[in-house]
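**Student:** One letter stands for each residue in the lines below.
2 protein chains.
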Amino acid sequence: MAHPQTLFPQTSFHGPSMLASRRATIIRVTVKAQLKRLKETGQFACFDLKWQPIYGDKSRWPAPPTLYWDSDVAKWIEGACYMLTAEYDAEVDAAVRELVDKIRHAQREDGYLNVYFTVIEPERRWSNIRDQHELYNAGHLIEAALAHSNYYKNDLLIDPLEKYVKLIRSVFGPGKDQRHGYPGHPEIELALLRLYTATRNQDAYELAQYFLEERGNPTGQDGMRYYGWERVQRGDSPWKRPNCYPMSADHWYNQAHKPILEQKSVEGHAVRAMYLYTGVADLLCLDELGLKPYGAKSKYFETLCGLWNNMVDKKMYLTGGVGSMWQWEGFGIDYFLPQGSAEGGCYSETCASIGVMMLAERMLHLDLNSKYADIMELCLYNTVMTAMSLEGSAFTYVNQLASSESDKSARETWFDTSCCPPNLTRLFGSIGGYLWDYGGDETGNLFVNVHLYTTAKVTFEVDGKTVVLEQRSDWPWDGKVFLQLQAPSSAATTIRLRLPAWAEKRFTLTPTLESPTIQNGYVILRPSYTSANKAFTIDIHGFKPRYISPHPYTNQQTLTLARGPLIYCVEDADNAWEQDHFRNVGITSGSGVTEHQGVLDKPGERFIALRTVGWVRKLDDEWARAGPGLQPGSHTTGSIETEARDITFIPYYLRANRGGNGHMRVGLLRQ
Amino acid sequence: MAHPQTLFPQTSFHGPSMLASRRATIIRVTVKAQLKRLKETGQFACFDLKWQPIYGDKSRWPAPPTLYWDSDVAKWIEGACYMLTAEYDAEVDAAVRELVDKIRHAQREDGYLNVYFTVIEPERRWSNIRDQHELYNAGHLIEAALAHSNYYKNDLLIDPLEKYVKLIRSVFGPGKDQRHGYPGHPEIELALLRLYTATRNQDAYELAQYFLEERGNPTGQDGMRYYGWERVQRGDSPWKRPNCYPMSADHWYNQAHKPILEQKSVEGHAVRAMYLYTGVADLLCLDELGLKPYGAKSKYFETLCGLWNNMVDKKMYLTGGVGSMWQWEGFGIDYFLPQGSAEGGCYSETCASIGVMMLAERMLHLDLNSKYADIMELCLYNTVMTAMSLEGSAFTYVNQLASSESDKSARETWFDTSCCPPNLTRLFGSIGGYLWDYGGDETGNLFVNVHLYTTAKVTFEVDGKTVVLEQRSDWPWDGKVFLQLQAPSSAATTIRLRLPAWAEKRFTLTPTLESPTIQNGYVILRPSYTSANKAFTIDIHGFKPRYISPHPYTNQQTLTLARGPLIYCVEDADNAWEQDHFRNVGITSGSGVTEHQGVLDKPGERFIALRTVGWVRKLDDEWARAGPGLQPGSHTTGSIETEARDITFIPYYLRANRGGNGHMRVGLLRQ
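As they're listed, the protein sequences go chains A and B. In our numbering, each number is its position in the first sequence, counted from 1, plus 10. In our numbering, each number is its position in the second sequence, counted from 1, plus 10.
Isolated chain A, as found in the complex (with noise of 0.2 Å):
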């Protein structure tokens, strides 16, 4: 089951849309904005090997920034190539093949390739994969190489990296003579099926395998867990930890503290966690094509079924952001959703929403289910887009839905650890992939999925005949989208449109279609429809704003205006006159919301700004002591003084664009 990161290129955008405008911000501005700032920090050089004077720099442990340089060139090589498929640019292309040569050039005769552990502390090797990422850097060159091979049909990178998954395969496994470890920050299990995929490379698929499986054994390791017994090795205490966690032995930050069909619920660190699962559903999408046998698929499937559901249930934002808690980026107890630092938490990385995304992607290979989908969409709308800057090159890392002083809601042209802002550039590289699934066989069934509606076309063969499926409309601001078929004549071609839940099934197809099928949040148009329908159009409903809500446990008594897959957020941009981050600003579900068109002049970005009326909630520091307080610590219950109040609402990807003082909140009072 191919990948989107290799399907991709069978997407083009080729008419206008939010997804096409972002894409070419990426092209034109990212990608060389990335590229300025790997030079100017080292990381561009840091393959050449050579010493650079950040490298003395030991106030960081266990994880300098340096630790993962190999990851962020990594990633910015895998999105240049995607843009590079889309649109050639010279300098980009110069860059990334002085690179790869700088790569090849570093890796040592055994195979080894890594930067720290050659450079820095080259007696260090493979002596702490709990923290310090050289599975993770490995997994990331990987992916870069895949793409690069893609892209150059060529096998400069793709090579040196085969011969380090041979040497990791070496040191890694159940023999006698192996370390039972797994990756401390999985990545390298996705990148290796993948590379599987591509070249069936049988270490790639094992190593794979084994990482997963192995994963949380309490015993692994001469009876110990492996990184506790790794520990012992380095001679470390037992109350030595990483900041990231909050407790000695606190397996669960890293997602061992059990093996993966043990696991119940999303714990930990956000992005390990997505792209753990994200290995675990590829595993299975392999099975299900029948490549490998994998006994315990069942059991597999159903513990990802309940992570998924714990996650999306209990523990995400309603703007797709994953984590509350800062301390270690990660997943809270179940319905502890504060929406900032200044409520007690919220940190909804850029980098776990993508992984979300490659979660829901693989799962609904697995499970055709629009429940996948809308999440999908939810993250790359809001928490995804949100990350950057509509000029394309300041970007965010977490992503709070309320901000504070300690915490404006603000963009930043890069980090100490570099890993969101390219990230985003090889998701909106891909992004052509996620949108639909499409196949056929020789007997002329062919189908199309469609998950995510914009305006693109995807072209695709089946048994030597081409297939086109096309589709325009103005999504996110309207529902209302136009698809094109061109199939062989011979074709029975099913297409399945996802009906978003909050459409609530509502939608309109023309030319109709009597009593259509929607089976799990999909209408099916049979060959029926699609051989009489060449072209026709579904509108789906659901459009207008609406008020949203947390769920009731997460005892946030908050509404959210939403429209079409867009969650809103207020401003002080729009809202001048508020100076204490909407704190007491609320809004009652029910009241009429006008909408009206914006645009900002110089991306040329048009959106929907929303307005109501609120009211704002007459307290202060002060008010416990001045007003009804009748007992310090507690207070009568006597109603708070309110004022309306005109409120503006914008999208929550646009938060951040317009100047202003960084006071912004997704979620206001609920009356």
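No lab work stands behind these hints, which were simulated from the structure alone. Just so you know, not all the hints are guaranteed correct.
A pair counts as met if it fits within one copy or between any two copies, since identical chains are not told apart.
[To be verified] Below 27 Å or equal to it, Euclidean Cα-Cα: the simulated DSSO-like pairs (lysine-lysine) are:
1. K250 <-> K68
2. K544 <-> K475
3. K309 <-> K418
4. K163 <-> K309
5. K250 <-> K268
6. K381 <-> K628
Position chain B against the provided structure of chain A, taking the given hints into account.
**Tutor:** Below, chain B alone, put in the same frame as chain A:
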């Protein structure tokens, strides 16, 4: 200025009251039950300095429970001496004498007196005062010695402690060869100041002053923070840290992140904070008496007021509990006050609220204001009193406001670290000293400030003449307090009576007083009134059930019933239909509440239960998917079905005394 621990014998509980009943239980049951536990655990014998098998357990670093054994024994001695004052018991008397004998023999020649660092790690004295409690233990031993000398009128225990103080004074201080350290767990400061008050021991005063002024100095020892310097001496990695430190160098955990004068908010471990600030307040109390000049007094007082207000206004539960964070048993961010583990926190340790009472008592000396006494009473009748079973043999350590499956509402007979049970004993043993302040001068001006109401009598001498003030009431059930004064006919007596904030200044004085003066929450009865009326009654209103809520910024949309000083809760013992810790149960502000007299047969506890008609929300884990969830992760705002339900409430202090399944909640949903 004398302390409640010294003055309490002047107060007798001469009639029935809730406080008298609790004291009787502790005298007859608790002191002996705790003695039995001390003997079973090995604590009683620990000052014999013989090896015990538990000493070999190295699984807990840096603080195995044996590290605190000295303090557990010391607190028991202190409480036992207080209780012996009230009622002699030969077994308790013998045990105290035996322990004192052991302690005397345990002292090293140089004055050192600590079991752990004499028997278990003798080479590591003073090597980790941040975490290893040597000075904390010393503080409790000093307090035990003071209690002992007051009751036994001999120096058998105070002598070795004065010798130990002399040693500590030689080790710590500003001298070139001294250590510039201060205790990781404050306690010795307040103990030293009490010792100074009792004995005028200069070492004690200077040592306390040094510890308080040096605390938080970022460059105190060889240009480093003392705890950092100490770590370097030990050769520990900066990344090695106890489980209670969420991240490395989190010096706020023990209020050592900055000098006290720069501290603006209460942070870290709540008991440490309360003991520390009690020490600071006591230093200022001593200054008020003119015993010592203390230049920075006003700045210290301003700091204390800021810290008090931060705690009470933003970090205190409406039960008087403090500490929302389990990991460090302490304070979270402002307004972060979840009710229980299932909502993201709540610790509310018994000892912390005892510490709040100690601090409040000192603050009342510095600034007579009912806001301190209100909190003292809130803690006493709620978080503190709920910490012991009516039978007197089971205790709580943590006092959450809502139970959950992982933390049911229950008590235990003892704890690994058993600070709370003997702390209750010593608090109730000396509670007479918290009821009132009083004094006079040779000109015949007398005063009594009545902070807490009950049935009790205080007898004191002024200028060789005896003054007696008696109060009789059914507090906390009823607001009518009968007072009778016996004072020399020549005396001019001013009596100040606290008006709790919840009484909203409503009271009736009999005989009446035209336009009584109310100052800082106290009604002032001047000599003209007290000489004309030797007996009078104040009837404090506000004993009707009232609905209260936490501050809106807590995001706790809850309602709680209170009556007088008592906070109420619901328990499944009365509401047997409840299966989910009252998570979906709500009440409506203003709904009629009826009162019902109850009595618990075995301990003979009378109480008033409350009943109202509330409602149950029809919502379970499946609601999101089955019901109005139109988009996973968010929900429409349609109303949720509810069902009316009769609900019975009991005072929070009574919880977990009558069987049931441990389901309990203080704050119910608010519509």
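**Student:** Take the hints in turn and mark each one as holding or not.
**Tutor:** Comparing the hints with the structure gives:
1. K250 <-> K68: The answer is both: 16 Å in one copy and 16 Å across copies each meet 27 Å.
2. K544 <-> K475: Within. Shortest intra-copy distance 17 Å satisfies the 27 Å Cα cut-off; inter-copy 110 Å does not.
3. K309 <-> K418: neither (44 Å within a copy, 33 Å between copies)
4. K163 <-> K309: neither (39 Å within a copy, 74 Å between copies)
5. K250 <-> K268: Both: 21 Å inside a chain and 25 Å across chains, each within 27 Å.
6. K381 <-> K628: This pair counts as between: shortest inter-copy Cα distance 24 Å, intra-copy 40 Å.
Of the hints listed earlier, those the structure fails to meet are numbers 3 and 4, in rising order.
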